[in-house]
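K.L.:
Residue numbers (UniProt numbering), protein chains in the order written: chain C, 1 to 327; chain Z, 1 to 368; chain R, 1 to 514; chain S, 1 to 310.
If you are wondering where the hints come from, they were derived from the structure by calculation, not from laboratory data.
Careful: at least some of the hints might be erroneous.
[Claimed, not checked] Here's a subset of chain S near chain Z, in silico, CB distances under 8 Å, partners left out:
| # | residue |
| --- | --- |
| 1 | 100 |
| 2 | 106 |
| 3 | 107 |
| 4 | 115 |
| 5 | 157 |
| 6 | 161 |
| 7 | 165 |
| 8 | 247 |
| 9 | 279 |
| 10 | 291 |
[Claimed, not checked] A few chain C residues facing chain S, derived, Cβ under 7 Å:
| # | residue |
| --- | --- |
| 11 | 41 |
| 12 | 186 |
| 13 | 198 |
| 14 | 202 |
| 15 | 217 |
| 16 | 259 |
| 17 | 320 |
| 18 | 321 |
| 19 | 322 |
[Claimed, not checked] Pairwise CB distance ranges, derived in the manner of DEER restraints:
| # | chain 1 | residue 1 | chain 2 | residue 2 | range |
| --- | --- | --- | --- | --- | --- |
| 20 | S | 167 | C | 243 | 50 to 56 Å |
| 21 | Z | 126 | R | 322 | 55 to 61 Å |
| 22 | S | 85 | C | 243 | 50 to 56 Å |
| 23 | Z | 39 | R | 206 | 22 to 28 Å |
| 24 | Z | 312 | C | 107 | 23 to 29 Å |
| 25 | S | 165 | R | 133 | 53 to 59 Å |
| 26 | S | 157 | R | 5 | 54 to 60 Å |
Just so it is clear, CB atoms sit at the ideal spot from N, CA and C, and this is done for glycine as well.
Here is how the chains run, residue by residue.
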Amino acid sequence: MIVNRRQILAAGGALATATLIGRAHAAAEFKMGLLVTGSVAENGWNRLAYDALMTVKKKLGAKVSYVELQQDPASFESAFRDYASQGYQVILGNGFEFQDAAVTVAKDYPDSYFLISSSSIHQGKVIGINLDSSQPFYLMGVIAAKMGKSAGLIGGMQIPPISQAFGGFRNGALTTKPGFGIGRVYIGSFENEVAAKEAAISMIKQGVDFIVPDADAASLGVYLAVHEAGPQIKTFSVYTDYSKVAGKNILGTYIADYGAGIVRVVTGIKNGTSIPHSNVTFGLGDPDVIRFTYNDNAATPVPQDVRKYVDEVKSKIIAGQIKTMAG
Amino acid sequence: MDDIDIRPPAPAKLYLYDISTSIRIRSLQRLRAIGFPIAAVLVALCAGAALLAINGFNALDVFTVMIGGVFRNIHSITEMLLIATPLILIGVGLCVAFRCSMWNIGAEGQYYAGAVAATFFGVHLNGLPAPLHIVLILAAGSIAGAAWAAIAGLLKIYFNASEIVTTIMLNYIATIATSYLVTGPMMEAGVTYPQSTELPHALRLPILLPHTRLHIGILIAIALAVIVQAFLFRSSAGYALRVVGINPHAARYAGISVRRSVVLAISISGALAGLAGAIQIAGVDFRLYQNISPGYGFTGIAVALLAYNRPIGAIFSGILFAVLSAGSVLMQMNSQVPQVLVFVIEGMVILSVVAFGALGMRAGRSAV
Amino acid sequence: MNTEIFLKMENIHKRFGSVVASAGATLEVAENEIHALLGENGAGKSVLMNILCGVLAPNEGSIVFKGAPLKLGSPREAIQHRIGMVHQHFMLVHNLTVAENYMLGQGSPLRLIRDRSELCDRIRALSDRYGLDVQPDALLEDLSVGQQQRVEILKVLFQGIDVLILDEPTAVLTHQETDRLLLLLRDLVADGKTVIFISHKLDEVMRVSDRVSIMRDGRVVRTVKTAETSPRELARLMVGRDVLMELPREPVECGQVVLSVTGLSCNNELERPAVRDVSFEVRQKEIVGIAGVSGNGQSELALALAGLLPAKSGSIKLNNKEVTGMCSTAVRRLPLAHIPEDRHKMGIVLSLSLAENVILHRYTDPPFATRGLLRFGAIAAHTRELMRQFQVKASHEDVAIRNLSGGNQQKLVVARELARNPDLLLINQLTRGIDIGAIEFVMQEVLRQKVAGRAILLISTELEELLAVCDRIFVMFGGRLVGELPPDRGRLEELGLLMAGNTAEAARLAAATG
Amino acid sequence: MEHFNLLVFLAVTLAAAWQTATPIIYAAVGEIFTERAGVLNIGIEGTMLIGAFVGFATTDLTGSLALGFTAAIAAGMLTGLLFACFTVTIKANQVVVGVALNLLGLGLTSFLFRTYFVHTGSGVPNMPAVHIPILSGLPFFGVALFQQNIIVYLSLAVAFLARFVLFSTSFGLTLRATGDHPEAVAITGRSVVLYRYGAIMIGSSLAALGGAFLTLADVNQFVEGMTDGRGFIALAVVVFSRWSPVGAFFVSLIFGLFYALQLELQAQPSLGIPYQALQAMPYILTILALVFVHNKQDAPRTLGVPYNKA
């Protein structure tokens with residue numbers, strides 16, 4: 001169902017003018033702001049952050065607001081400042097590029113917390129929040145190396161979350177089977193599923209039997225290609241459940257619930273109970289945020305011995321004995 | 001724009017000149033210089049308001065938040081001026097290109113080129129005294145922008161390749177190249193973020209107002225607007241550019257090298273766009289990212305056109321668009337109106353500017 | 001002629017904004033005659049005829065045709081009433097074939113244009129009937145101007161018209177082509193058509209028309225039977241006074257050679273040969289004319305001399321100094337002045353002011369510019385001085401030059417070019433598109449310059465202009481100088497033959513008369 | 001085995017090329033109509049975006065692809081009407097109006113998308129592939145070339161239909177004459193203004209259809225600025241094809257081929273070329289196309305020049 005901004009506007013149209021001109025409100029109201037570059041209407045990282053914001057609104061009853069900024073680092077600082085000056089306690093900047101501006105603004109607004117997605121920063125109340133996809137991707141790499149001939153990775157663009165995830169995959173696979181072949185393509189877009197499909201097909205032609213995408217909406221093209229190629233080609237469902245598209249090919253599913261993680265952090269801040277004392281990284285040790293499950297309906301499900309091995313690896317990762325991003 | 005239109009004059013005998021017609025011509029010109037831009041902006045704002053109203057927003061509230069927010073305190077005004085700086089610089093440059101009938105749609109790419117060069121020289125060069133180093137950074141940015149623009153100019157004169165298409169393609173190439181540089185050769189060492197190393201503190205542009213980010217870039221922009229205005233209308237070289245823009249045949253006859261003027265004009269506009277990029281790096285961003293422009297190069301077109309290609313006018317139109325742009329963030333923050341509304345208003349401004357230009361031209365013709 | 005009125009345009013007014021083009025013109029044309037419409041540029045001939053063929057709508061006035069009032073909303077309606085016009089600028093599409101041009105706008109837009117053999121046959125038949133030699137399959141851009149005109153005339157005839165209007169049809173033709181056209185007009189009348197024929201050339205009007213209407217200032221001042229008038233009378237009616245195209249000329253001794261051209265060849269913009277092996281000299285106190293129909297290399301010759309077009313071979317010497325390969329700025333400093341062919345295209349910048357136009361070549365020279373900056377005071381003073389000397393009528397030197405009449409614009413161009421006391425004055429089309437007063441003024445100025453010691457090269461398509469001022473006339477055809485004649489009206493026919501490229505015939509004629 | 005792989009490679013690449021080229025083909029063929037009538041519309045990029053958005057929104061609301069495409073074409077016509085109003089009636093500079101149209105297209109579609117689609121995101125049903133009987137069973141090329149969706153097939157038909165209309169009908173004859181010598185058209189009683197309006201609206205609606213292809217038959221999602229310069233590439237295609245619709249079809253295919261190839265090349269890890277270099281290929285190719293084909297003679301004579309009646 002379409003929900004448009006009119007509802008949101010109705011909530012605080014005239015009020016907005018008042019808050020803008022007036023000083024920060026009393027701390028009675030808990031407010032959280034979100035800054036993204038681009039649009040939250042598109043599927044992808046911004047949508048993930050937006051959904052997290054909405055979860056905070058629902059679960060904590062917070063007043064929320066967000067701004068879809070242009071791709072302009074110069075505008076970040078004043079946007080942070082605008083929220084902070086209006087008394088927002090938590091402001092989430094969705095992307096590492098927000099960290100410099102947050103650090104600058106944080107000096108002037110000691111009452112606000114600045115959460116930065118995909119960042120490992122920690123400076124006072126500027127806290128990086130990272131979804132460590134390299135951990136589940138490490139597991140996928142292990143499985144691929146155990147079960148397959150060679151693997152192909154299809155990424156949207158070369159940005160930290162994706163290159164980290166791919167690094168995890170590579171480490172997992174190469175630790176398990178040194179010399180395991182891994183190809184990689186960046187299609188240069190998060191929505192061009194035609195390119196993703198095309199890239200997958202050309203990899204399959206080259207004899208690759210494990211293909212894993214990390215390209216937001218464009219990933220669908222990969223699952224379509226894998227499905228059409230037949231059950232001998234294997235893949236994993238990443239971030240979203242694609243088993244409807246390629247149920248026979250998907251050996252496992254990695255689901256990330258960023259909202260749950262954010263709610264956990266924000267709740268801690270709001271109640272003053274658990275304020276992060278370092279940057280936050282969600283990994284396999286946070287099952288409410290990152291989940292990796294097997295698909296038993298696959299044409300060739302992951303055999304029990306492999307699962308057992310994977311479980312060992314997983315506990316080592318959680319225990320910190322394996323660094324998935326090393327190298 | 002009106003200068004580009006060449007029409008045969010009407011027959012002779014009915015032009016009876018006297019003082020009053022002369023005054024009429026002049027007052028008409030004045031009307032066009034100030035009245036038309038204001039009218040154009042009003043029309044565009046009305047269109048924006050209509051769009052808001054249709055989609056269920058309270059246009060008056062939205063605009064109040066927007067304007068009121070921008071001018072709520074010194075700090076917010078300086079933030080607006082920060083946006084105005086690149087817009088004025090790019091707009092002023094485009095005045096030169098457009099006056100010479102070069103349709104440079106590539107200021108965006110030239111801005112990137114300038115930013116890349118500035119970052120490169122800011123990060124990789126050591127041992128220079130800071131003031132000199134800053135000057136060098138800005139010069140490098142200007143030269144890079146000029147060179148990037150000159151590609152289109154040279155392709156135009158040697159291969160008759162439409163500068164409209166080539167400059168747009170160069171925009172894409174510049175952004176893709178920047179993306180390559182910050183993920184590859186220019187990426188900050190030891191970090192996984194696609195961004196360059198930060199510029200040393202000493203190389204930051206001097207701040208004008210303490211406790212704000214307002215740096216001397218705005219003064220550079222205004223000074224350059226005045227200088228370029230003088231260049232266009234008071235120098236021999238500027239005269240030559242304008243003649244080429246209005247009538248290349250006459251320029252050739254006058255011994256003006258059309259090819260040189262064309263390349264010069266687009267290079268000047270590129271240099272100013274590149275300078276804008278360099279100033280942004282040295283004054284605000286301090287490092288290079290994959291995306292560093294919210295479309296300054298395209299808004300700059302609207303800035304120049306609204307100024308009717310007069311550099312001094314670009315100061316005012318640049319500030320106007322900066323107000324819209326700065327206000328749009330507050331607009332979304334408080335009313336959840338998508339910020340991209342600004343693009344709609346920019347497009348409407350250009351349309352009303354050309355409409356008033358064309359209609360005013362006709363009115364002018366029949367009045368004289 | 002019968003008593004019923006065939007065609008009458010009464011009290012026609014037409015205004016464009018505040019410009020009055022037709023001020024109550026009344027014209028009566030009889031059936032089956034050749035009616036010439038004579039007048040100077042801007043007299044309102046074309047406007048009146050454009051009203052008759054439906055292109056323009058009059059503000060006032062009425063038309064009666066074949067006894068009934070005629071209201072025309074479009075050229076199409078005029079064609080339906082069997083009135084058609086051959087415009088001065090042909091209404092032909094260059095990237096279509098002749099047949100496609102004839103199909104243009106005919107029938108439903110949804111009609112297919114596949115089968116055109118029947119159409120081609122009809123075109124050929126009609127072409128043969130009048131001996132027009134039109135090939136229906138030829139692509140327009142491949143045809144010469146003369147051929148295009150025949151295509152245009154046939155197109156109008158093809159639409160089945162009774163009244164044919166021709167707007168200055170001979171302006172682009174050679175002497176011989178003109179003869180052929182005039183014969184065609186006679187044939188058409190013999191065939192029952194009525195022809196209205198706009199011209200400002202007295203001799204053609206005298207030769208071919210039955211009656212002449214003379215227009216002046218938007219009105220028809222008189223209609224006379226051609227047989228009962230004389231060129232002198234027509235000329236007087238045309239300008240409202242006696243014109244003496246014979247300007248008073250004092251015999252002057254030529255001085256030393258200023259311009260010397262030997263074996264000059266150059267290509268046009270499309271890299272095709274345009275000037276071939278041209279050699280001539282111009283001396284001080286001498287006006288040398290170059291006659292020719294447009295497009296025979298004169299434009300390129302002028303551009304080459306002015307340093308605007310590179311020479312392929314040969315040499316150009318100015319004051320005994322080799323200038324071949326020099327850029328135009330360097331040539332001008334020698335000094336050479338150049339009044340270009342197309343004023344609006346080259347000579348001036350319409351939207352700039354008079355003052356800015358005056359410095360077109362001198363925008364870097366002191367006193368108009370010092371250290372790269374323009375000196376507006378000096379520029380304005382100089383402009384005002386030129387305006388005074390050359391009687392340029394304008395309120396202020398800051399108004400855009402587009403607001404001036406063609407004559408005043410040309411006067412300013414001439415003034416500008418003479419201001420630097422050139423050794424050589426290169427003129428291409430001195431009087432094109434300007435009024436008679438201005439023509440006389442500039443021509444006398446040219447003669448004064450000659451007496452003052454300048455060498456002058458006058459390139460023109462107007463024989464009258466050349467005959468009036470030149471000391472010698474070269475004829476240019478196909479890029480070559482094909483003959484040299486004295487300015488003798490008695491040898492007009494020879495001139496015409498040379499201009500048409502008929503050198504042998506011209507030589508025979510010269511031998512017979514000479 | 002080697003040649004088998006090569007054939008599969010060729011077939012797959014060709015199929016991808018055709019699909020990628022499809023929006024460019026529509027935009028370029030449309031622009032040929034517009035330019036043949038003497039009007040330069042550089043606003044087709046924005047028009048494509050409008051088509052993409054309107055098609056997406058309509059299909060999202062109604063669930064009907066047919067309605068989506070119809071609405072996109074209608075929106076294209078409206079956009080064309082706006083452009084024509086400014087360039088033909090008001091006689092404003094065509095380049096400037098085009099620039100404005102691009103800004104408007106980007107701004108308006110993003111504004112509406114963000115306003116109304118903040119909570120959707122599932123996408124719209126995609127256009128199904130049509131298997132052409134017999135041909136789709138051909139080895140290698142059957143799957144690649146004859147199992148595309150109908151809009152892809154139609155792009156070939158549109159190119160040939162455009163050629164037929166332009167060169168074999170009286171309408172096309174007049175349209176071409178309008179770009180070459182508008183006065184000659186006016187004198188025959190046909191309205192130059194009407195023809196230019198028509199040509200612009202045909203061009204804009206085809207561009208919008210090309211845009212709608214992106215959302216409805218390619219990606220099944222709307223993404224801001226998703227045309228990514230395809231409208232501008234179409235402008236270069238028009239020059240390269242010498243204003244011939246069938247030529248534009250094949251030139252667009254070349255561009256599509258480059259899109260497809262750059263992905264193929266990236267998948268070869270041994271090459272070691274930064275992927276951005278490959279991504280820039282289509283844009284570099286566009287510039288090269290303009291450098292190598294600089295034919296002024298073939299351009300309509302009055303391209304970009306407003307028509308002044310009488």
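K.L.:
Could you work out which earlier hints the structure fails to respect and list their numbers in ascending sequence?
P.N.:
5, 6, 7, 8, 16, 17, 18, 19, 23, 24 and 25
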